[in-house]
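J.: Chains as they are written, first to last, in this note's numbering: chain A, 1 to 542; chain B, 1001 to 1181.
Quick caveat, the hints were computed from the structure, so don't treat them as lab data. You may find that some hints are simply not true.
[What the hints assert, rightly or not] Calculated lysine-lysine pairs in the DSS-like style (CA-CA distance at most 27 angstroms, straight line):
no.: 1; chain 1: A; residue 1: Lys340; chain 2: B; residue 2: Lys1076
no.: 2; chain 1: A; residue 1: Lys98; chain 2: B; residue 2: Lys1081
no.: 3; chain 1: A; residue 1: Lys371; chain 2: A; residue 2: Lys340
Only a predicted model underlies this, so the values are computations on that prediction, with no experimental measurement involved.
Chain residues, written in single-letter form:
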Amino acid sequence: MSSRTDDELLRSLLDGELEESLRCELAARLKADPELASRCAWELGFSEWIRQALVGDAIEAERSFLGALQSDSLPIGDLLGHIRDGSASSFECDQVVKHLWGAPAAAQGLRRRLAEDEWLRLAVSSSKSEQAFIESLETRMWAETGQDRFVEDFAKRFERELTALPGGIEAERVVPLCRVGRVTMLRLFGAAAAIALGAFALAQVAVGRLGSAPALASVMKSTPDAIWIEGASPQNDGTLRPGLYELKSGVVSMRLTGGGELTVEGPARFEVGEDASTEVHAGIALARTPGKEVGMALSSRGLNISEPGRLVGIDARNEGATEAIVFDGDGGICLDGSGKCRDLSKFEAVKVDHLRDRLVDVPYNPRAFSKAWAMVAGVEDNLGPVTIELPGSVISAAGGAEGEVRVFVENESFRPDGGVEVDRLAVGAFAAAGPNPGEALESNGELRSYLVQLTPSVSEGREEAIETSLTFDHPVVGVIFSSDRLEDSDATVGSVLAEEARRGLESGEDEILLSEDRHTLNLRFRGGADHAEQVRVLVALN
Amino acid sequence: MTTTDRERFIEQVREHHAGLRGFVRSLGVDPLWVDDVAQEAFIVAYNRLDEFDRARDFGAWLRGIARNLVINERRKDARRKRILSDNLTEVLIASSSANDDEPEEMGDYALARLNALKECVRGLPEKSLRLLRSRYEDEHSAQDIAAAFSMNPPAVRKALERLRTALRECMEERVALSPAR
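Isolated chain A (complex conformation) (with noise of 0.2 angstroms):
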């Protein structure tokens, strides 16, 4: 027996030091000693939720040990209930498992009833629908394989691969759901309850925002299926003061005075505050800080944007989830009142479940995003097969569509640290693309990077030239059609290509013409299919 007493054992204990010999010691005085045994166990529990505290878990750790405390005396009926509705604590189910344990019967029947329960959300949820989960499907697919034509190469080769099994697909098994007309009248009433909802609150912040407080955003671009709902709209002159918005469809950008953009893609509901602060409801959001020294205020339904990165967007159409998506810079985001942050980087997104008040990784997924981009991407195709790709798609020669154009956004928003040669280009007249002295870039200012690319033709022979015409928001500053000019510029836009290839507009074949307002730019490609035609247009931020 050593020298030790209770207390000093016991705090070596707690501190991790207690060596092999006196943890037998420690043991045998707790075996004689209740009282001791119960503070030791005290003391344990208390260090495990110091541990918890400390990664922002406390209230969650709180809130399972007194859960576990009254879970203690459930019935088995109510602990499969809270295992039912996804409630259940890992205590709750630990009981379950005891009660499971070596009655198979009893497991089977649970996974029945759960597999019920997981059809009745089927049945009478409108976000768990058939549709819901393909489209939901659709756009993961896209993630994880980052080309468009998935859903076709999926249909083709399961049907390939399902067509040769004996009696193939029984097609008597699929039987129609009658979707089209509950889908749409859910979403009617969802409509009409959203809008009965909002009235209370429009009517409140209707006299705010008709008074005289101060414009604090105002429309800079709608698309022309852009509809507002009566009563929470923005002003006649496009000029948003405090208070509530609703978009019933369409896509709307707007810029806050603090220099921030919003653009929102309806339906959509959100609300400015009287600090130039802007909190999505629901529906799709992205918002862009053109730089460091612009600050924005931006939450949705609990999530707190605390660092929006430089361009963020925000996913608020189910119910029960939010998910925050960073596109560029880094960001951080908040769940309010819970202590759980996150940083995120370029490319991650996180989801919040509002039911368990969780913030959890997902994958990035920019598909939601589609509508809004093609407004926030300051590209417009006027002319041809053009596709705005989503931010992150990987820049290949592959992916697109024979004749298609396919335009990245390489580089959001940039600042050359070193000269950057371009081509020469005449404005106001078509010119072959071809060999040229090139000439150095004159902007020093905020630059933006996109990648235009034609998708080679495999067929034989090109009979007629694939013309597309693009207009940027900002000012052409540069263009780079040649192949070493691209392959200089790369490291200074940060454009990672997939592949090694030959590049550029060199066949001098090729006709390029930006008009005198250096917005538009209009591409001819003739040349051949050997290598991916190519060119990089630098637009000026500032």
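Since the structure of chain A is already known, use the hints to place chain B on it.
T.: The following block gives chain B in isolation, referenced to the frame of chain A:
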């Protein structure tokens, strides 16, 4: 992508998603993550389509993939887990079959059952439907539903249990009468 391609794709997913989602849930996956796991199973299936043994049932193959995904969940750190509990999933997985003889309601007849269930739900009285929506669409707890319906929580739980039993019976009856089986 042509309309036909998309229709083919939808048909494939439609054929199997309901059974797969029920199966995934039945292994103790958190209700909020069921669709995520089921979608992952479709993607893994696509990537490994060359390994698919044509002599096997496709739905069973999908369920095998999902089963492995759920088993792997137990190795993840707590923050990334999509299951409610390691121990619960272990016992539920032990009771599931890796072969093709999974109970038919979790197998390839799930779609017919789901359609039957939808018909049954449509026939519910208004109050029952509201109760069901509160629980399964709005994900409200029995406590919250009780407050909204001026009931006490045990009565809500009891009412939901009765509704589930009635819907189960209705679904079985419809499926038994259906010529699709």
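J.: Confirm or reject each hint.
T.: Evaluation of the provided hints:
no.: 1; hint: A:Lys340 to B:Lys1076; in the structure: holds, 20 angstroms
no.: 2; hint: A:Lys98 to B:Lys1081; in the structure: holds, 22 angstroms
no.: 3; hint: A:Lys371 to A:Lys340; in the structure: violated, 31 angstroms
Violation of the numbered hints given earlier is confined to hint 3; every other hint is satisfied by the structure.
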